[in-house]
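A.B. asks: Read off the chains here:
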Amino acid sequence: MSNPTQNPSIAAEPPPFDLMQVPGLRRLFHWRHLRTVLQIPLLIVSVAMILDGLLGPSLAPKNLATTLSWVHFRGALVLVLLCAGNFFCLACPFMLVRNVARRFFRPRWNWPQKLRNKWLSVGLFALILFCYEEFNLWSSPWWTAWLIVGYFLAVLVVDGLFKHASFCKFVCPIGQFNFVASTMSPLEVKVRDLDVCEACGTKDCIRGRRAPGSELVVIQRGCELALFQPLKVGNMDCTFCLDCVHACPHDNIGILSRLPASELMVDPRRSGIGRFSQRKDLAALAIVFSFGALLNAFGMVSPVYALESWLAGILHVDSKAPVLGVLFALFLILEPAVLLGLAAWLTQIWGGSRRALVPLAVRYTYGLVPLGFGMWLAHYSFHFLTGLYTVVPVTQSAAARLGWNLFGAPRWGWLGIPMRFVQPLEVGFLVLGLAGSLLVIHQLAESDCAERPLRAFTPWAAVSVVLWLAAMWMMFQPMDMRGTFLAG
Amino acid sequence: MGLEADMSHPGMAPVFGEAREVAPGQYQGSLEFGMPGDWVVLIHARLPDGRTLERDVNVPGVAAN
Chain B
1 MSNPTQNPSI AAEPPPFDLM QVPGLRRLFH WRHLRTVLQI PLLIVSVAMI
51 LDGLLGPSLA PKNLATTLSW VHFRGALVLV LLCAGNFFCL ACPFMLVRNV
101 ARRFFRPRWN WPQKLRNKWL SVGLFALILF CYEEFNLWSS PWWTAWLIVG
151 YFLAVLVVDG LFKHASFCKF VCPIGQFNFV ASTMSPLEVK VRDLDVCEAC
201 GTKDCIRGRR APGSELVVIQ RGCELALFQP LKVGNMDCTF CLDCVHACPH
251 DNIGILSRLP ASELMVDPRR SGIGRFSQRK DLAALAIVFS FGALLNAFGM
301 VSPVYALESW LAGILHVDSK APVLGVLFAL FLILEPAVLL GLAAWLTQIW
351 GGSRRALVPL AVRYTYGLVP LGFGMWLAHY SFHFLTGLYT VVPVTQSAAA
401 RLGWNLFGAP RWGWLGIPMR FVQPLEVGFL VLGLAGSLLV IHQLAESDCA
451 ERPLRAFTPW AAVSVVLWLA AMWMMFQPMD MRGTFLAG
Chain V
1001 MGLEADMSHP GMAPVFGEAR EVAPGQYQGS LEFGMPGDWV VLIHARLPDG
1051 RTLERDVNVP GVAAN
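In order, the protein sequence lines correspond to chains B and V.
When the first sequence is numbered by the numbering used here, its final residue is 488 and no position is left out of the sequence of numbers.
When the second sequence is numbered by the numbering used here, its final residue is 1065 and no position is left out of the sequence of numbers.
A few of these clues could be false.
Where chain B lies over chain V, by a calculated footprint (3+ residues, C-beta under 8 Å) [as the list claims (entries may be wrong)]:
#1 1017-1026
#2 1030-1037
Derived Cβ-Cβ restraints for the label pairs, each shown as a range [unchecked claim]:
#3 Asp1056(V) / Trp31(B): 26 to 34 Å
#4 Ala470(B) / Glu1054(V): 36 to 44 Å
#5 Gln113(B) / Val1059(V): 47 to 55 Å
#6 Gly24(B) / Val1059(V): 46 to 54 Å
#7 Pro303(B) / Asp1056(V): 26 to 34 Å
#8 Leu1047(V) / Leu127(B): 43 to 51 Å
#9 Val338(B) / Asp1056(V): 39 to 47 Å
#10 Asp1056(V) / Ala306(B): 26 to 34 Å
#11 Asp1056(V) / Arg106(B): 48 to 56 Å
#12 Arg1046(V) / Gly325(B): 44 to 52 Å
#13 Gly1050(V) / His30(B): 37 to 45 Å
#14 Arg401(B) / Val1015(V): 17 to 25 Å
#15 Trp473(B) / Gly1017(V): 29 to 37 Å
#16 Leu330(B) / Glu1032(V): 32 to 40 Å
If you are wondering where the hints come from, they were derived from the structure by calculation, not from laboratory data.
From the three backbone atoms N, C-alpha and C, an ideal C-beta is built for every residue, glycine too.
All chains should be modelled from the sequences, with the hints used to inform the complete structure.
C.D. replies: Structure follows, in C-alpha cells:
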C-alpha cells in the first residue's frame, strides 16, 4: 500500500480538497459533541412532527409531520447527498435516542451471522415504498407520525439487543438509501496518508481508543459499521459519524473530495463490505434503489391510475393492496430481471465476457445507480423546491395551536419556487444521472472486456437509455396525486 | 365566506376563493383546481355573533379536463 500523494505517476495531480482543513471547520469536526449538537435539533423537530401528526390537523398540507417528512426532509436529503455527502446520517436523531438508551441498557448479542447482509433492509426499503402507496403516507399525518414512532422503537429494540451499529448497517431503510446515494457524493471520509496507517500500531479507527493503562476501557469508540479506514473504499455503509476521526491518534482521517460515482467504477475488496461484484444483496439494493425511483415517481402521475384500473379489472379486485402487489412485482422484480438478464446475456455472447450470467448482472447493476439517483433527485427536489416555503405557514399554524403567535396569521399563500424554473432542473438531474450511468458502465466494460469494451457497454447503455426515456416520459406527465383507489 | 382548496399532498399550491350569499342562507363561489388528484375544500366563515366556522369537504379524484 503506498501513499497516493507520494506516487510519482500521479504526483502532478492536485491533492484532494479536505473539508476538515477549511479554517474553522477543522475544530468543529474534531469536536466530540458535534454529532450530538446536530442531532438535538432534529430530535426536537421529530418530536414536534410526531405530536402534530397525532394531535394536529388531519389535512396533510397543514401538518408538520407530512409537510416536513414528504416535502422538506426528502428534498434536503438528496440535495445534501448530491452536493456533499451522507451528513443526514451524521445528524440522525434516532442514534441520539439509541446512545442515551445504551447508557442504561448494554446490548449483549452480536447481530446474527445469517442476517449480516442487506437482504432484510432491501425488503424493508421495498416495504416502505409499498406502504407509501398503500396507506397514502403523503396524505396522512397520523400514519406518518406512527412511521416515525415505529422507527424510534425499531432502533431501540435492534440496537438495544445487538451490539455495534446493527440497525444502521443491516436494518435501516433510510440508511441504505443514503449509503447507495452517497456513492454519488463528492465527499468521502477517508485516510489522508496511507503510510501513516501502515506505521500505526493501535488501529484505533476500528478498535476504538482505549484508556491509558486499561485495554478494556474504550474512551472513544471506533467504526461501529466495521469499516477499517485504510481498507475502506467509498461511502457505502459510512454514516459520516466521524467516530474514526475522533479515534485516530494521528489526525489522519479527513473528509476528502473525490469524483462522484468513482467507487462504482472499481471493484476492490472493501473493508466491511467485500467486493461489490460478489454481493448479490447489494446489487438487489441497487435495483430497488434504481427501479424504485421510477416506481415511486410513477405513483404520482395520471397514467398509473389507468394501469391500476386495468389491473383491478383483470384481477377482479376492488382493493388497492393486490394491485399494488402486482405493480411492485412487475417493476421491482420482473422488469429488472428481464432487462438486466437480457443485457447480461448479450454481454456474454456479444462482448465475450467470461463471467457467469448472474455475477455479470450483479457487476453491471451498480451502473444504474447514477440514473436512479437522478430520478430521486428530480422527484424529491421538485417537491422540495416547489413547496420550499410551505414550512413557514405550517410552523406558524402549529405554533398558533400552542398559543404562540409567530409573525401574524399563517401565510398559506407561501409556496416555493415556480414550477417553470424547477422543471429544467429536473431534466438536468435526469441527464446528469444518465451521463453518470453511461460513464460507470463504460468503465466497467473497459475493465471487464478490454478487447471489445464497446460490445459489453452497448447492452447496458441501452438499458440505461430505456430507463431514462421512461423517466423523462414520466416527468412530463400530468401530476395526479390521489389516495382514492380507482376514483375517476 | 372564504374558500380554500388544498391537495392531499403537502407542498402543493392551494387555491383560494370567496363565496357570496345568493339567497338567504345560500352561498355560492367557485374554485379552479390547478391539478388532477384528491382535493379538500376548506370553508372559513364568520357567524353573525363573531364566532368562526370551519368546515372541510373532500373532493376526491379530480380529473384533468
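A.B. asks: Work down the list of hints and note, for each, if the structure agrees.
C.D. replies: Status of the hints after comparison with the structure:
For a cut-off of 8 Å, the count of residues in the stretch 1017-1026 of chain V with a CB near a CB of chain B stands at 0, and the three-residue condition is violated. With 3 residues carrying a beta carbon less than 8 Å from a beta carbon of chain B, the stretch 1030-1037 of chain V meets the three-residue requirement, and the given coverage holds. Range check, aspartate 1056(V) to tryptophan 31(B): Cβ separation about 48 Å, and the 26 to 34 Å hint is violated. Between alanine 470(B) and glutamate 1054(V) the CB atoms are about 43 Å apart, so this pair conforms to the stated range of 36 to 44 Å.
Under the hint 47 to 55 Å, the C-beta atoms of glutamine 113(B) and valine 1059(V), about 54 Å apart, fit the expected range. A beta carbon spacing of about 53 Å between glycine 24(B) and valine 1059(V) agrees with the range 46 to 54 Å that was offered as a hint. A beta carbon spacing of about 29 Å between proline 303(B) and aspartate 1056(V) agrees with the range 26 to 34 Å that was offered as a hint. Look at leucine 1047(V) against leucine 127(B): about 48 Å separates their beta carbons, and that is inside 43 to 51 Å.
Restraint check, valine 338(B) to aspartate 1056(V): a C-beta distance of roughly 45 Å satisfies the suggested window 39 to 47 Å. In this structure, aspartate 1056(V) and alanine 306(B) meet the distance hint of 26 to 34 Å, their C-beta atoms being roughly 29 Å apart. One distance hint, 48 to 56 Å for the beta-carbon pair aspartate 1056(V) and arginine 106(B), holds here, with the actual separation near 50 Å. In this structure, arginine 1046(V) and glycine 325(B) meet the distance hint of 44 to 52 Å, their C-beta atoms being roughly 49 Å apart.
The given range of 37 to 45 Å is broken by glycine 1050(V) and histidine 30(B), whose C-beta atoms sit roughly 60 Å from each other. Take arginine 401(B) and valine 1015(V): their Cβ atoms lie about 24 Å apart, and the range 17 to 25 Å holds. Checked against the hint of 29 to 37 Å, the pair tryptophan 473(B) and glycine 1017(V) passes, with Cβ atoms roughly 34 Å apart. At about 36 Å, the CB distance of leucine 330(B) to glutamate 1032(V) agrees with the hint of 32 to 40 Å.
Checked against the numbered hints listed earlier, the structure breaks hints 1, 3, 13; every other hint is satisfied.
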